[in-house]
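Protein sequences appear in the order of chains G and E.
Number 35 in the working numbering belongs to position 35 of the first sequence; there are no gaps in the numbering.
Number 163 in the working numbering belongs to position 163 of the second sequence; there are no gaps in the numbering.
Incorrect hints may appear among the rest.
Stated by the list, open to error - Pair ranges (Cβ atoms, derived): (1) E/Glu184 - G/Val467: 21 to 29 Å; (2) E/Glu40 - G/Ser162: 20 to 28 Å; (3) G/Ala436 - E/Ala132: 44 to 52 Å; (4) G/Gln173 - E/Glu40: 36 to 44 Å; (5) E/Pro56 - G/Arg185: 31 to 39 Å.
Keep in mind that the hints were calculated from the coordinates and are not lab data.
Where a beta carbon is used, it is the ideal one built from N, C-alpha and C, also for glycine.
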Amino acid sequence: MDKTPTLVLDDKTRQMIDQMIIAEQRHLAKRHDEEACACREGMFPRDMAANRRSVLFAAGSSAAAAAMLATAARAAERKAPPGAEFFEPPADPTKELGRAVAADEGYGSRSQFETEVRWRYPTANEYTSWSMTPLDQMVGNLTPSGLHFERHHAGTPTIDPSKHMLFVHGMVQTAKKFSMADLKRFPYIVRKHFIECSGNGLTEWVKPTLKTVQGTHGLISTSEWTGVPFAAIAREVGLKQGVAWVLAEGADAAVMTRSIPLEKMLKDAILAYGQNGEAIRPEQGYPLRLILPGWEGNTHIKWLRRLELSDKPFMTREETSKYTDLMPNGKARQFSFEMEAKSVITFPSGEMKLPGPGFYNISGLAWSARGRVQSVDVSIDGGKTWYPARLDTVPEPISTVRFSFPWSWNGERCVLQSRCTDETGYLQPTLAQLTAIRGANGPFGSVYHLNAIQSWAVAADGSVSNVHA
Amino acid sequence: MSMRKICWAAACLSVALAPLHAFGQTQEASYGFGTAARPEELAAFFGIPSDGAGLPPGSGDAAKGATVYADKCAACHGKQLEGNPAKGIGGDKLLGGRGTLASKTPIKTVESYWPYATTLFDYVKRSMPFNAPGSLSDEEVYSVVAYILSEAKIITPVEKMDATTLPKVVMPNRDGFEPDPRPEVQLYR
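Taking the hints into account, I'd like the entire structure generated from these sequences.
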């Protein structure tokens, strides 16, 4: 169980991982600056109202030292975290009037006391990079749209929806173009689905590397998506005999493309324009995104402008040179689409500190591409014994489930784990099981599709850290 | 007619009409939404599969490609196609790595990993140069593709790349891919 795989990383992988460690440290340092409390962020709501404002302002100023001058200046001017507005907190809010109704010009923002943000994986080039969802700060099951993880290959484009068109052509009876207005006339469906990047956890194959669950698992987010089933569009254009694949293309500077099997497109693909009750966010593909429930995030083509129907895959760069899983025998798995059953404890998780023995409600998320989560187990002894967790949300197909487990900590060192079983009977593997199948020498090839059980060690002093157990 | 009879008649009528309300929910064979895409609109799009379908007219060779590469590519991918990991750039290495894929330190490049030369054409035309995507002419794309393949010793320096020759290029790792075997059945209990 403690067998550490011997793995030599190539230069590029090592560089990326080193950079990621630095980025997480920078984020943690900033966050610790913001904390006046010994119980670190994520433990309990803290009484921060008195001094939060000044430290936030200070954090904004110190960030200005970095490259993001303009962003920091904006934050300083706003005196509030991203996505919030600053208001002077009154000594007693019952003794003076609050803000007028609709004083926010009709669009609300989060509290100025809520500071969680995504942080960016420090790839050399900031236009082809990704940012992580702060899972340790998430409440409930859905991810707020503004905290949904990002992966762009050439930045976020600005697209005027009145000019945006979806072209559907190739092996069809009638090649057509659809405006956003056209698409919104179709009957729609509404589904809650997770999107997970196939690279989620890529730093964690060899040894515990990043400290927080945001770093180890932050490339998963869940939204409610609204849009037109592809099947409706297929009927509208008419499929020719022999169609087997569909090329989906984005309207960003990467003109990102992936080939998708027709079977998946007809089964449950959504051409989505809605996210969590409003239009999809620009960084999530505004105005139109392909949703392929359960499949690796890069296939959910954002800023969708074109679908070309064909009898074969197009062998694009993203399905040959990237997003393929190189195995130890030198062969690479191609079209490895599904994100298999996985779970993670988000509380307590790395860099948190439990104030002392007593009751804690362990909480986390579980998901599977192959349907509903059937059950989640929790272990407090590093996987020796397992107990059923409570499912806090009704399992929906290909969506996350929030789970919890009431736990009385005796103050001794222990290792917390969770494991997910999906409705097909697939059981989330240990890292040792995964590397036994896929080998431990696939750096930068088999970095994708890590769905192993995560371990968090709780030390006797209550501090929580990322371990392999 | 008494009030009671009117009510009774109305009730009967609504029961009788109920199925008709259901028929009011129509199932359209076709909604007729969207408009026909004109050939000239579709002509701007491309997606080049491995058989080369859709490759544009024109051609290029390594000599011309060397100039294009020096002007448009070398800043990010290095003078020797060795890549440039510098901050703000991060251009991939394009050469080398043959024979490393089954080792503990695989090096994945165009030369060692990419299975199809057509993918290189498609990708360069689509999204390169990074700061000016889609700005290269088809001649320039053919040329720079020829240059990279020639530097990788996959083609000779004098071979011309065009819609006929490019799909025939056999990349070193053409047979290096296999279908996804998951789910790994060992993981079912």
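Next item on the list: With 20 to 28 Å as the target window, see if E/Glu40 and G/Ser162 comply at their CB atoms.
Entry: holds (22 Å)
Check: Do the Cβ positions of G/Ala436 and E/Ala132 conform to the proposed distance bound of 44 to 52 Å?
Finding: Holds: the Cβ-Cβ distance is about 47 Å, inside 44 to 52 Å.
Next item on the list: Using the Cβ atoms, figure out if E/Pro56 sits within 31 to 39 Å of G/Arg185.
Entry: For E/Pro56 and G/Arg185 the Cβ distance comes to about 36 Å; the hint holds.
Notebook entry, point to check: At the C-beta level, are E/Glu184 and G/Val467 separated by a distance inside 21 to 29 Å?
Noted result: About 25 Å separates the Cβ atoms of E/Glu184 and G/Val467, which means 21 to 29 Å holds.
Checklist line | Assessment of proposed distance window 36 to 44 Å (beta carbons of G/Gln173, E/Glu40) | finding: 20 Å Cβ-Cβ, so the 36 to 44 Å window is violated.
Of the hints listed earlier, the one the structure fails to meet is number 4.
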